[in-house]
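Take these sequences, add in the hints, and give me the full structure.
The sequence shown begins at 52 in our numbering and counts up by one.
Since the hints were derived computationally from the structure, they do not count as laboratory data. Wrong hints could be hidden among the right ones.
Each computed BS3-like pair below joins lysine-lysine, with the alpha-carbon atoms no more than 27 Å apart [stated by the list, open to error]:
hint : residue 1 : residue 2
1    : Lys480    : Lys529
2    : Lys574    : Lys547
3    : Lys529    : Lys590
4    : Lys487    : Lys350
5    : Lys574    : Lys590
6    : Lys529    : Lys564
7    : Lys590    : Lys559
8    : Lys424    : Lys554
9    : Lys544    : Lys590
10   : Lys506    : Lys557
11   : Lys506    : Lys480
12   : Lys350    : Lys480
13   : Lys590    : Lys554
14   : Lys544    : Lys554
15   : Lys590    : Lys557
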Amino acid sequence: MDDQNRKTDDLFGFRYGREEASGAHNEAKEISAENAEENGETVFRPYSSNGYGASASGGDYGGLSGSGSEDSSNPSGSSAFTYGPFSQGASAGFGSGSGGNGDGEQRHPVPVSRDYRPFTVSGGRNWDVTTKRRRSPFLAMFASFMVGVLVVGGLMFSADRYNWFGGKALTASTSETSGSSESAKTTSGKASNVADVVRPNNIAQIFEQASPAVVKIETYANVQSRSGNSLFDDPFFRQFFGEEPNYQGDGGNSLQETGMGSGFIFDSTGYILTNEHVIDGASEIRVTVNGYEEPFKAKLLGSSYDLDLAVLKIEGSNFPTLKLGDSNAVNMGDWVVAIGNPYGFDHTVTVGVLSSNEREISIPDSNGTREYKHLLQTDASINPGNSGGPLLNLNGEVIGINTAVSSEAQGIGFAIPTSTISEVLENLKTNTEIPKEPEPFIGASLQELTESTAKQLGLDSTDGALVREVLYNSPAYKGDLRQYDVITGIDGKSYKTPDEMIKVIKSKKVGDKITLNIVRGGKKLDLTVTIGDRNEYEKTQQSAE
52 MDDQNRKTDD LFGFRYGREE ASGAHNEAKE ISAENAEENG ETVFRPYSSN
102 GYGASASGGD YGGLSGSGSE DSSNPSGSSA FTYGPFSQGA SAGFGSGSGG
152 NGDGEQRHPV PVSRDYRPFT VSGGRNWDVT TKRRRSPFLA MFASFMVGVL
202 VVGGLMFSAD RYNWFGGKAL TASTSETSGS SESAKTTSGK ASNVADVVRP
252 NNIAQIFEQA SPAVVKIETY ANVQSRSGNS LFDDPFFRQF FGEEPNYQGD
302 GGNSLQETGM GSGFIFDSTG YILTNEHVID GASEIRVTVN GYEEPFKAKL
352 LGSSYDLDLA VLKIEGSNFP TLKLGDSNAV NMGDWVVAIG NPYGFDHTVT
402 VGVLSSNERE ISIPDSNGTR EYKHLLQTDA SINPGNSGGP LLNLNGEVIG
452 INTAVSSEAQ GIGFAIPTST ISEVLENLKT NTEIPKEPEP FIGASLQELT
502 ESTAKQLGLD STDGALVREV LYNSPAYKGD LRQYDVITGI DGKSYKTPDE
552 MIKVIKSKKV GDKITLNIVR GGKKLDLTVT IGDRNEYEKT QQSAE
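See the structure below:
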């Protein structure tokens with residue numbers, strides 16, 4: 052029997068364990084050594100009637116003997132079993148002991164030599180005992196080599212055919228599962244997005260669909276022209292100086308270009324959305340629409356300084372439009388696209404990601420200070436002239452209006468989100484007042500308390516805030532707060548700086564009552580003040596004027 056088919060209790064040709072001895076059992080187990088020699092191999096007999104001392108040549112190996120005579124015949128139907136690599140002619144036997152043929156004594160196999168065959172063909176339990184020709188290892192090696200060639204070749208073919216290691220392979224499942232969205236794209240005309248390991252691959256399609264709805268806005272202001280007897284009005288003298296730029300019209304007034312920005316059409320009847328600072332102070336607004344030779348004169352319907360939004364109207368119909376999307380559905384890191392007219396370069400497209408949301412910035416101008424809230428931050432390039440243009444998601448929907456850029460940094464731009472625009476769009480179209488959120492205030496200006504001021508007021512510490520001014524008829528005025536009072540705390544809690552106190556006041560709701568802990572003329576007082584609304588107070592003051 053081959054090494055690979057040896058039973059579990061075989062070890063180097065030996066069997067361990069105890070067998071029950073009986074005449075019939077032993078007779079079935081005995082095998083003739085002479086019959087095996089005729090077949091060309093040397094075997095040993097696992098059980099011998101002469102005991103465990105007879106070798107194939109009849110020699111005694113260890114003094115073991117057994118009763119009974121040796122049967123030289125090969126039983127019919129039995130085969131010779133081989134067990135291990137033993138050389139021919141070696142003596143059989145293992146140690147010394149007593150043997151028997153029917154007394155229940157243990158019998159041990161006697162090893163004999165045969166040719167070593169490391170590999171044989173297994174085919175069940177009836178092994179072929181004839182000597183097999185040893186196979187050449189070269190055939191096995193060659194067969195293994197050919198199998199490897201076929202496997203590697205098949206993998207290379209599949210990788211090349213299906214592009215396993217290319218960029219598109221990473222999106223194969225996405226492409227298959229988004230079949231319905233691809234169909235929707237062809238019917239609805241929306242730009243689709245297929246994931247790409249480098250950048251979105253539908254930017255050109257987004258620009259092609261969105262660009263016609265993006266407009267250029269130019270503003271003009273009236274300027275006083277020169278007197279009629281000026282030398283510059285004489286054509287003879289003007290030829291030496293050239294035509295003055297932006298000079299239009301005759302008579303006393305002329306139009307001079309004052310600014311340029313962007314916008315987009317959101318209604319096919321000619322409604323345009325842009326920033327308020329783009330059209331601020333304009334006497335005339337001109338809108339250039341892609342595909343039209345002459346610019347349109349636009350009418351300002353409504354605007355909001357605080358929100359920096361404005362809606363214009365041009366006469367016409369069937370204009371291309373852009374859809375307002377949901378800015379709340381965009382996540383940080385999502386790709387965004389900006390289209391506008393930076394520095395007069397019409398319909399410039401830039402690409403970036405949404406860097407952050409809910410940003411708050413303040414921008415002072417000639418009319419005051421704009422307090423922007425809930426802004427979207429992006430690294431898509433935004434420059435002067437981009438203001439009022441759309442910020443798009445990868446579906447080609449507007450998620451914001453490009454508004455501002457940090458002049459001290461690169462790649463930090465801001466856009467007003469559509470969540471803010473949607474709430475006031477109808478008010479802007481109908482030029483109705485936009486409700487403002489209540490802004491808590493008390494109507495007093497506070498400043499830090501210096502050492503010299505504290506000494507003049509007879510105070511030992513600079514902790515607190517000095518009241519510099521109290522607005523007439525404000526909550527602080529009605530609560531008897533006066534100039535040069537020193538506020539040391541609110542509701543019994545001490546504060547060291549004016550900023551801390553202002554923060555506490557803004558955290559309150561309109562109508563709440565607070566107690567101001569003050570020092571006046573060296574005496575400590577407590578004043579009760581009701582929190583007011585700055586917007587309502589300013590509205591009341593304007594109506595009174």
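Outcome of the hint check:
Distance hint between Lys480 and Lys529 is unfulfilled; the C-alpha atoms sit about 39 Å from each other, more than 27 Å. Our distance criterion of 27 Å between C-alpha atoms is met by Lys574 and Lys547, whose separation comes to about 18 Å. Proximity of Lys529 to Lys590 is assessed by CA-CA distance (about 18 Å); at most 27 Å being required, the pair is judged to hold. Between Lys487 and Lys350 the CA atoms are separated by roughly 24 Å; this keeps the pair inside 27 Å, and the hint holds.
For the given pair, Lys574 sits about 36 Å from Lys590 by alpha-carbon distance, which is inconsistent with the 27 Å threshold. In summary, the hint linking Lys529 to Lys564 is supported, as the alpha carbons are separated by about 12 Å, within the 27 Å threshold. For the suggested pair Lys590 and Lys559, the alpha carbons sit about 21 Å apart, so the restraint of at most 27 Å is met. Under the criterion of a C-alpha separation no larger than 27 Å, the hint pairing Lys424 with Lys554 is consistent with the structure, at around 17 Å.
Simply put, Lys544 and Lys590 have alpha-carbon atoms about 33 Å apart, too far for the 27 Å limit, and the pair is violated. For the hint linking Lys506 to Lys557, the alpha-carbon distance of about 30 Å lies beyond 27 Å, and the restraint is violated. Restraint check for Lys506 and Lys480: the C-alpha separation of about 58 Å exceeds 27 Å, so the hint is violated. Straight-line distance between C-alpha atoms of Lys350 and Lys480 comes to about 11 Å, which keeps the hinted pair within the 27 Å bound.
About 24 Å separates the Cα atoms of Lys590 and Lys554, which keeps this hinted pair within 27 Å; it holds. Only pairs whose Cα atoms come within 27 Å are accepted, and Lys544 paired with Lys554 is accepted, the gap being roughly 14 Å. Under the criterion of a C-alpha separation no larger than 27 Å, the hint pairing Lys590 with Lys557 is consistent with the structure, at around 19 Å.
Comparing the model with each earlier hint shows violations of hints 1, 5, 9, 10, 11; every other hint is respected.
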